[in-house]
Structure formats: structure tokens, C-alpha cells
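Residue-level listing of the chains:
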Amino acid sequence: MSSKNDGYNGIVTKKDLQRIFVRSIPTELSWNYERQMNMAYAWSLLPVLRKIYPDKEERTKVLQRHLEFYNTTPYIITLPLGITTAMEEQRAKDIDNFDETSITNVKVAMMGPLAGIGDSIFWGTLRIIATGIGTSLALTGNPLGPILYWLIYNVPGLIIRYQLTFLGYKLGSDVIVKANESGMMDKFTNAAAVVGLMVAGAMTAGNVFVTIPLSFGAEGMETSIQSIFDGIVPGILPLCVFGITWWMLKKKISPIAIMFILMAVGIAGAFFGVLA
Amino acid sequence: MVLQTILITLVAILGKCEFLLGTSLIQRPIIMGALTGLVMGDLQAGVIMGATLELAFVGAVSIGAYIPPDMLSGTILGVAFAIKAGMGAEAALTLGMPIATIMLALNTIIGSPVMLFFTHLADKHVAQGNEKMFSFDVIGGGLIAAMVTLPIIPLAFYLGSDAVTAVLGGLPEFIQTGMNIACGMIPALGFAMLAQMIMNKKVAPYFFIGYFMVAYLGEYGIGTTAVALLACLIAAIQMFKSDKPVAVEKPVDNDAEDGGILDEF
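Quick note, the sequences are listed as chains X and C, same order. Per numbering that gives the first Met the number 0, numbering of the first sequence is gapless, rising by one per residue and ending at 275. Per numbering that gives the first Met the number 0, numbering of the second sequence is gapless, rising by one per residue and ending at 264.
For reference, chain X alone in the conformation it holds in the complex (with noise of 0.2 Å):
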């Protein structure tokens, strides 16, 4: 028996998961619309496999279990990663009574949530964040705006996915599953959703504009309709075109066609010089 207790249980080492944190950063490279990550969820697992299934026979036919259909959030791949390596090392040990089924249900059944907090996180949070202090600063004309943006996201970003690896492989399986249950994924989504949200709120309110150009009145003591929508709620004509958008989108429209009709609505404002 070994006698230091660092989670590590023979086969595997730091190195191993550190290879499979490197080879995990191309993930979407090699995405294909049949079977969308499965190609990058073999390819990250090779060398680890090489160690754990020295028997080229046997090791073919776990690359070929690994290359069905997978897709979840690039940027936390590794942790079903690090599970299955944990379990692809358990099963090694084991080989006859392990059932080889329950690796492809782990990794099938962590897709669906993983995907959904990883995605409100990274699309939905941290990127609204980077965009939100890259852009306030990059529609001045300074050139540190792309490059907080960049370092914003991706610093964050790499420093998550490099720990999710051994997070995986240390917690195991049921970890992810008893998360779940406890209900402290969703309070984690919950979170993510109210930053989210709060800073989407704020830059629709700061990078949307339109205004009514028209007044009324008598000569030299008219009254804008603008001053009037100011006086009301300020910020409220942008807050209807993102209502009307967010109505088209859940009428099915797709996105690019109400961008096409945002443009026409434009020119036709302009045209009958309503809009500004």
C-alpha cells in the first residue's frame, strides 16, 4: 500500500492530468456536427489511456468507447475528463468485474447540467463582464480595451479548467451527481445568472440608443417627444426596442433576420426622419 495519501492511487500522476489539461485547450478544433466533441474527448484522454491500458487491443477498443457523441462547455471539459480517467484507472484495476458501461453513463449524465452552468458562466458572465469593461473603454479608441477583454476571459478561464482537471479526478464520480441532488448546482447558476443579468441590464442601457427627433408646439416654444419619454423614465425608447427584440426572438425569428430588420426600421427612420 502506498503510504502518502495525495489522492493519487498508482497509475496516474500530476503529469498525467497536466497532459490532459494541455491536450483538453484545442477541444473545439476538431468539433464536427455528427458527434461534436467526441474526437477531442478521445484525443485528450491518449496518453493517460496509453498508461492505464498497455494492451494496445484493449486500449482501441476504450478510444473507440470514448469517441461517441460529446459536447458540453470547452472550458470545463476537464472535468469529466479527470473523472473518467479516475474510473478508466479504477476499471484497469478491475478489469473483468468493472462495469464498463457505467464510465460512458457517468460522463453521458454530467453533459446536460455541465453544459448549463458552464455555459451561463463563461458565455453568459464572464464574457458580458470582459465585453462590458473591454468595450466602455475600446469605443474611446483605447487600444487596452481588446487587450483587457482578452485577459479578462482567458485568465479566469485557463486558471478554471487547469483545476477542474484534478478536481475531477480527485472527487470521482458521484461527486458531480450528489451536487446536483443537493441543489448547490443550481444556487451556483442562480448566482451566475444575477451577475449576468445585472451587468447585461447595464450596458443595454449604456450601449443602446435611439431617440424621437420630432417636437410640437408653436414656433420657438416647442416640446420635443423626447424630453417627454426623458421626463417619464430616462433610458425608455432602448428599453422598448429590447423588448420588442427579446419578442421576436420568442416568436422564432432568427437572430440575423432582426438584425436585417433593425437595419431596415433604421434607413426607414431616417428616411422619414422619425427616428435618431
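A portion of the hints provided could be inaccurate.
Claimed, not checked - Each pair of labels, with its calculated beta carbon distance range:
(1) C:Phe135 to X:Glu56: 36 to 46 Å
(2) C:Leu158 to X:Asn104: 47 to 57 Å
(3) X:Thr222 to C:Leu9: 35 to 45 Å
(4) X:Gly115 to C:Leu158: 41 to 51 Å
(5) C:Phe135 to X:Thr100: 22 to 32 Å
(6) C:Pro171 to X:Ser253: 40 to 50 Å
(7) C:Gln43 to X:Thr103: 49 to 59 Å
(8) X:Lys169 to C:Leu6: 38 to 48 Å
What the hints assert, rightly or not - Computed list of lysine to any residue pairs in SDA-like fashion (alpha-carbon distance at most 20 Å, straight line):
(9) C:Lys123 to X:Arg34
(10) C:Lys200 to X:Arg34
(11) X:Lys251 to C:Thr8
(12) C:Lys131 to X:Tyr52
(13) X:Lys55 to C:Ser134
Derived by calculation from the structure, the hints in this document are not laboratory data. Yeah, the Cβ is synthetic: ideal placement off N, Cα and C, and Gly gets one too.
Given the structure of chain X, go ahead and fit chain C onto it with the hints provided.
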């Protein structure tokens, strides 16, 4: 012009390395716009146009079944043409939008089958126990599939510059003003797409808290960063709150006027 075309190609190659570099968002308009500006000799204009396009495309991320337009080619060509014609960010958007839509179709028609070819090749190589060739299918195949539509960008730049500049110069004024107006409205679409991804009834009010904080207090310097900080604090309070059933019915200032929009959630 030849030198610029070569440099544009390099920027495009860097952008196409997006997925090799870990989906690092290097192909986003805010970064590609700045680099294109640098190539075209007007970094500041490129940075501003890139940020404008970034806001327009803020909802364009591949989530679920939605494949976004090809912002990479839209940004590079849109910004390059706009700077060349001596025009502003709205020209970059006017040009970039259709280009991004067309290039998405080309990527789907040409790039995707190439990747699928390597996917099936990978199955074959793994079955044969050829792990070296499998590695090539994953990385080499992925790069080939990504780069196969790349030449279109420098070609369009080299051949199209004069024609596009002439057309832009001849546009009637109301179209340019109209595009400027559209430029102001299009980010709403991006934020709506984003909000639909993460919004549910329980957290919907937070969108309006963020919105009205900036709408009312923006002139006093309350911007995105301030709201982001406050939002992180609110999220922390929620995370560490005890597990009692919580009512997240926060009063939102002035949201009475917006019942019409709230009704749609």
C-alpha cells in the same frame, strides 16, 4: 496594397486559430477589429469599430443549435473597407453584417464536410490501432477544416476594395444615417439573446436593476464596472445565504412602468 493583403491574411490566420487556442475569443470583433485597424494604419479607428461590432454581435455565440454568423470575416473586411473609405463604425457594420452571413453559409457548406471527413477517418484509424494518424485527424484535420475558407478573406480584400469604396461613397445620406441609427439599436438584440439564455422569473428583476442603475445614474459615473462589482456582491450574498426557502422578489425601482415588457417573461 500587397503588403496590406499579406498582413490581413496573417490577422485572419490568427483569428482562425480561435479553437486551437482554446476558444479564447481571439476571433471576436473587439480583437480582430483592433488588429485590422493596426494593419490599415489607423489603430484607433479599428479599436472603435471593433468595439461597435462586438456590441452588435454580443449575442453571437454558439449555444445549443445556434451557429452564429462568421464575425471573423465580417469584422476584418468590414473594418478594412470602412477605414479605406474613410468612413465610420456604421459603415463597418453595414458591410460586416452581410459578409458575416454569407461566410457562415460558406463555412457550413465547405468547412463542415471537411471536418466530417476527418471524423470518419479518425474512426477508421482508431479501429486500425493507428494512434499517430488519429492525432493527425484531430489536430491536422481540424486546422484544415478551419483554414479551408480562409483565402476568401484576403481575396475579397484585394479584389473588392475599390468597388466597395466606390459604392460606399455613392450611398445616399439617409442610408448612412439609417445605418447609424441601426448601429444604436442592434446591441439590444445581442443583449436580448444573452438574457434569454440565462433569464428565468426568479432572476429577471436583476436585469432591470442593472438597466435602471445606468439609465438613472450613468451621468454620475455609474457604469458597467460598478454594476458588475455590485452584482458580484449580491451573488455572494445569495450564495452564502442559509438554505431557507428564499423569495427573490426584490423591489425594483420604477419597474412599474415596464409591466408590458415584464409580462413577456
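Status of the hints after comparison with the structure:
In this structure, Phe135 (chain C) and Glu56 (chain X) break the distance hint of 36 to 46 Å, their C-beta atoms being roughly 22 Å apart. The beta-carbon spacing between Leu158 (chain C) and Asn104 (chain X), approximately 54 Å, falls within the hinted interval of 47 to 57 Å. Taking 35 to 45 Å as the suggested C-beta distance range, the pair Thr222 (chain X) and Leu9 (chain C) does not conform, at roughly 55 Å. Distance hint check: the CB atoms of Gly115 (chain X) and Leu158 (chain C) are about 45 Å apart, consistent with the given range 41 to 51 Å.
Our hint of 22 to 32 Å for Phe135 (chain C) and Thr100 (chain X) holds, since their Cβ atoms are close to 30 Å apart. Taken as a hint, the range 40 to 50 Å is violated for the pair Pro171 (chain C) and Ser253 (chain X), whose Cβ atoms sit roughly 28 Å apart. For Gln43 (chain C) and Thr103 (chain X), the hinted distance range of 49 to 59 Å is satisfied, since their beta carbons lie about 53 Å from each other. At roughly 47 Å, the beta-carbon separation of Lys169 (chain X) and Leu6 (chain C) lies within the given 38 to 48 Å, and the hint holds.
Taken as a hint, the Lys123 (chain C) and Arg34 (chain X) pair is honoured in the structure, with Cα atoms around 15 Å apart against an allowance of 20 Å. Between Lys200 (chain C) and Arg34 (chain X) the CA atoms are separated by roughly 34 Å; this puts the pair beyond 20 Å, and the hint is violated. Between the alpha carbons of Lys251 (chain X) and Thr8 (chain C) the distance comes to roughly 37 Å, so the proposed pair goes past 20 Å and is violated. Only pairs whose Cα atoms come within 20 Å are accepted, and Lys131 (chain C) paired with Tyr52 (chain X) is accepted, the gap being roughly 17 Å.
Restraint check for Lys55 (chain X) and Ser134 (chain C): satisfied, since their Cα atoms lie roughly 16 Å apart, inside the 20 Å limit.
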